[in-house]
Amino acid sequence: MPERHSRRVERGPRPYLKAELSTQEMRLKQMGAKIEVINSFLCYIRFEVEGVKVKYVYNLNRKGQFFLERVTPYPQPAGTFDSEKDVVESIRNDIAQIKQLARSSHFKELIDMNSDLRFLARRLDSICLYYDVKPEDIATIRDSLGHLHGVFDAIRGHSDRVYFDTEPFCLDREGEVPPDREDD
Amino acid sequence: MTLDFHIAAAVTVFLVTYGLIVAEKMNRISVALAGASAMLLMRAISQEEAIASVDFNTITLLVGMMLIVTVTKRTGVFQYVAIKAAQIAKGDPWRIMVLFVLLTAVSSAFLDNVTTVLLVAPVTMVICDVLELNPIYFLMPEILASNVGGTATLIGDPPNIMIGGATDLGFLDFMENLAPPALIILAVVLVFCRFVYGRHLTVKEKAKAEIMSMNPDLEISDHRLLVKCLAVLGLVMAGFVFHQMLGYESATVALAGAAILMVIADVNPEELLLEVEWGTIFFFVGLFILVGTLEGLGVIEFLAGEVVKLTSGNLMLTTFMVLWVSAFASAFIDNIPFVATMIPLIKSIGTLTAMNVTPLWWALALGACLGGNGSLVGASANVIVAGMVSRTEHPITFGGFLKVGFPVMLISMAVCSVYLWVVYL
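Line by line, the protein sequences are chains B and F.
Using our numbering, the letters of the first sequence map in sequence onto residues 1 to 184.
Using our numbering, the letters of the second sequence map in sequence onto residues 1001 to 1425.
Hints in this document: simulated from the structure, not taken from any laboratory.
This one's a predicted model, so the numbers in the text were calculated from it and none came from an experiment.
For each residue, glycine too, the CB sits at the ideal point set by N, CA and C.
Be careful, since some hints might not be right.
[What the hints assert, rightly or not] Below, a sample of chain B positions facing chain F; criterion: calculated Cβ distance under 7 Å:
1. Tyr16
2. Ala19
3. Ser22
4. Thr23
5. Arg27
6. Gln30
7. Asn39
8. Lys85
9. Ile141
10. Arg142
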């Protein structure tokens, strides 16, 4: 884990935070950023489900949108919600699904594969940002991803469904982009 | 319960509270409020008297100015001015230091010192990053300047606000009597800092060019809000200048300005009120009740009598004693509780003797405000800036601050002594 993620520092009282925010704002504005600072509550939510630690981070603000993300056992943005009730409902469903999954034998593999997929996404990012990738190589990557999507479709087709309380929102490929990535 | 018991108990509570505030082992707000509650619980002061002892002129002036500043700083005008200043200086570090010191001192004369350093220090750190210079060379002079600038006006520093609230002295009185010594001391600070830091202030041409390439316009986040804020600030400043003539308290001017700004600016009042430093406000409330208790029980009058005996009622001796004791006390302990105690003491000296206590008010203001430069813990602004750079590779240490701040305080006190002697004694 890079040092910037692992190092925790005591930021001290509110005035220090304000000063730090002001310094960052100035640097970012000089880079051309438009910044809006919103007073909000950042909530950390912890559960222990079947011996598995499940954590969420949830931002509550006055702008009428609520952002929720599962942090552990593996990070997964849950999306943007219009009310606190929807946030609680989303967590309730997620907990129920994690509970069910934690009992299965492939839970650890799922966590490992998720981690691998996130690493793969970062590699895609790096390869495109640092190298002049040729069109044929882009096509190869796209084919590989298409193959993986095909595998998911096939699994969905021949496996028994075990959770019915909500509908899976990103198993269909028509929309292509999952809702949590459609930000402004 | 007898009066003697109440006096002994109240003095004990006061000393314990004071000790805990000075020791800084516990939160000063909790301690002050606990001390005030103890006074009420043991009936050393009634609730009505406690409420009457709170100086609402000080409280509302602080709240009003905090609200105005909170809205104004959102516009980014301060960063704009700072970048412009650095560009006027053409990236030359010494000229930037002079302009930033002047900017800090002027801002500090009209805003409280902590707010000023919270506005200046982040900009300074960005500019120093660009110049590849140790930010301490700039931050130290700015801290000193914030304490000096705050001395110059009624609204510049909490001790002055408290003195103004407790006396008939108005904005112009403060400006007329305290701005001249503050200006002289500011010049002393600049010369002193040139002597201490001057040899370090060299930068590459590339860094200067980078300063010139910064765009100050990017800092202004809301032009319409800026116009409204500047208009209200102008009105408030005019209000301060004429408040005695118009028969208004300075607090009324500040609160009216804040109210007008809240009405005309598109800001959420609830969010704005979140930014008010309520901790400071409640600290003041606690202190006013603590000191009000001692005043009500006659303890302050007794102390005043002892001071008069000590100085034989000599105005010059009393003035110098107030000046130097205030400076040394403020260098190492919080000047707010100190001034809260000194105000009724000076009033009692005036009652006990035929002495004109006006010079004592100026001595108290000069000592308490400028004493803040004496050590790192002498003023909130010092502690805040030190806290900001504590995690960087250039922290401000207690010893490091003392080497620069303490001589500046001694020189300042010498200048003030001469000033008070020549003008009032």
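**Prompt:** Which of the numbered hints above does this structure break?
**Reply:** 8, 9 and 10
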